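Novice: Please put together the full structure from these sequences, using the hints given.
Taken in sequence, the protein lines are chains A and B.
Numbered per my numbering, the first sequence spans residues 1 to 306.
Numbered per my numbering, the second sequence spans residues 1 to 306.
A few of these clues could be false.
Same chains, same label: a pair holds when it works inside one copy or across any pair of copies.
[To be verified] DSBU-like cross-link-like pairs, simulated, lysine-lysine; straight-line CA separation at most 30 Å:
#	residue 1	residue 2
1	K268	K117
2	K47	K74
3	K234	K190
4	K59	K180
5	K126	K217
6	K88	K180
7	K275	K47
8	K281	K37
9	K5	K59
10	K41	K268
11	K234	K281
It should be emphasised that the hints constitute simulated quantities derived from the structure, not laboratory data.
In this text the structure is predicted, and so the values were computed from the model without any measurement.
There are 2 protein chains.
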Amino acid sequence: MDHIKIFSPATVANVSCGFDVLGFCLDTIGDEMIIKKTVQKGIIISKIEGYNLPFEVKKNVAGVSALAIYNDAKPDFGFDIEIYKNIKPGSGVGSSSASAAGSVFAINELLGRPYNKTQLTKFAMKGEALASNCEHADNLAPALFGGFTLVKNLSPLQIVQLPTPNELFAVVIHPQIEIKTSESRAILPKEVSLNNAITQWANVGSLVHALHTEDYKLISESLNDVIVEPHRSKLIPYFSDVKQTAINSGALGTGISGSGPSIFSLCKGIDSANKVMDAIKNLYSKTEIAFEMYVSKINTEGIKIL
Amino acid sequence: MDHIKIFSPATVANVSCGFDVLGFCLDTIGDEMIIKKTVQKGIIISKIEGYNLPFEVKKNVAGVSALAIYNDAKPDFGFDIEIYKNIKPGSGVGSSSASAAGSVFAINELLGRPYNKTQLTKFAMKGEALASNCEHADNLAPALFGGFTLVKNLSPLQIVQLPTPNELFAVVIHPQIEIKTSESRAILPKEVSLNNAITQWANVGSLVHALHTEDYKLISESLNDVIVEPHRSKLIPYFSDVKQTAINSGALGTGISGSGPSIFSLCKGIDSANKVMDAIKNLYSKTEIAFEMYVSKINTEGIKIL
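Specialist: This is the structure:
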């Protein structure tokens, strides 16, 4: 195999109660990438379509993560990366993670899979760090592992793959506004009340249990964020209206996707998801803000070879 | 049925990472209670053995919880409670919970089981509140449900019954010192760092996952408390020595049982549990403090009819 074409999916991090640790993988939106072996050693980025991103390898998320795996594997050849970007940077659904995870996944395939998924995540974190100034894995893990994931530890990196109930669908609305990750980090308090923290870890525990038991009612009751959402939702216009509309239309839960501005809802079944999408679309169409929406089954596979 | 004899077990609350929400049920230590129907309406406590506790119903934990279920059910007869107390009050293994849960469990049986376990927990919380000045359920839930439990919400009360891996055993040491619940509450900070809270809920999530998947290694890695133990362990002499000894002897994890002073360890298999018990016993025998120890399989049944 001397080249590979992949689909690298968008992902939803945090999942309401699981700030910085939980995430799940989407199916209908993602980047495409083509990676080719080259005789010349090193990494080059030869093509970027969709969004205006740097070609310079060390300044490109996919490039930096590619360098990380390349420098570790030390093959006697190189790689050429083409990026067909569909996920808008800054949308809150793991745009940089899709790039960072995509290049390391593809290179690992072309190398004959010497690395496991946790190792790939670790390489990809180097690229992710370029985008967000800190190494995190809550979008990378679902992109690479698929389904729901829990980042138990960053150092040493430890990822737990959670089960994904079969009827779970996500609805995502991406209001076309810009929120800087730095801004959405800065708005968070450094300290939280012990009482709120207890509520949050009770919800994380019950959400993990509910995923195992396919208890949709308990999933719904666990999708509750008393720590981050009260702060970050202020940065997202009409967040509470979207949330109320989604819940009224039958969504199991609604929250901020990653650091926003995208808002996700989880629904039981495609019919419910479509109903929730229609209701949110109807609401947001009346605002002054442009938006994109999509419905997706939870992608239990993660990155796919095309 | 006009009378019933029950075993009401000791329980371990918090379970390291799950402060205020997680708990599990022990098997080898607990109170016995005999409850009889009486022609006379109302609740009386006719016998208390083991420890010096008030006979006045409204001042006795078992009496208060019995009154709660009695006043709700309004039967045209009454109940006589005998308490054979084996769990020392203030030991940190749910002594008051065993009393509170025992009387409501027994009365529910004598009434023909009109209430479910969550309702019984709610009644028992009234008795528990007498002991600790606040309504909580992290010891009551494992006593009434058995196995591992997660108190998702206090209001409305919502208890999640978690699975219990078959080879899990607990070792408990009870140093014979007194720690007031009020003191061990007061030592806790009202605010915690967001970073520590994240670590804690990652551990709660991975512990719940590990219980479902019977992943003993992950159970071990999840039994980590960065919020409460650093404070409360100061109140327990030789805590860190006990912990280190237990871990060195093969315990999956060691932490403070409830608000202490008891210290629990979880172990895989009875042989490992016995080895850990011997090592802790050897260590603590060299201190100036008297202690009691026991090994117990996790009790998946909860309160038992004898």
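Novice: Against this structure, judge whether each hint is valid.
Specialist: Results for each hint:
1. K268 with K117: For K268 and K117, the Cα distance is within 30 Å both inside one copy (29 Å) and across copies (28 Å).
2. K47 with K74: For K47 and K74, the Cα distance is within 30 Å only inside one copy (23 Å; across copies 78 Å).
3. K234 with K190: both (17 Å within a copy, 25 Å between copies)
4. K59 with K180: Within one copy only: 18 Å inside a chain, 58 Å across chains, cut-off 30 Å.
5. K126 with K217: between (38 Å within a copy, 28 Å between copies)
6. K88 with K180: Only inside one copy: K88 and K180 sit 13 Å apart there, 56 Å across copies, limit 30 Å.
7. K275 with K47: For K275 and K47, neither the intra-copy (39 Å) nor the inter-copy (62 Å) Cα distance is at most 30 Å.
8. K281 with K37: neither (44 Å within a copy, 62 Å between copies)
9. K5 with K59: within (22 Å within a copy, 73 Å between copies)
10. K41 with K268: Close neither inside one copy (48 Å) nor across copies (50 Å); limit 30 Å.
11. K234 with K281: within (20 Å within a copy, 55 Å between copies)
The structure does not agree with the numbered hints 7, 8, 10 stated previously, though it agrees with the rest.
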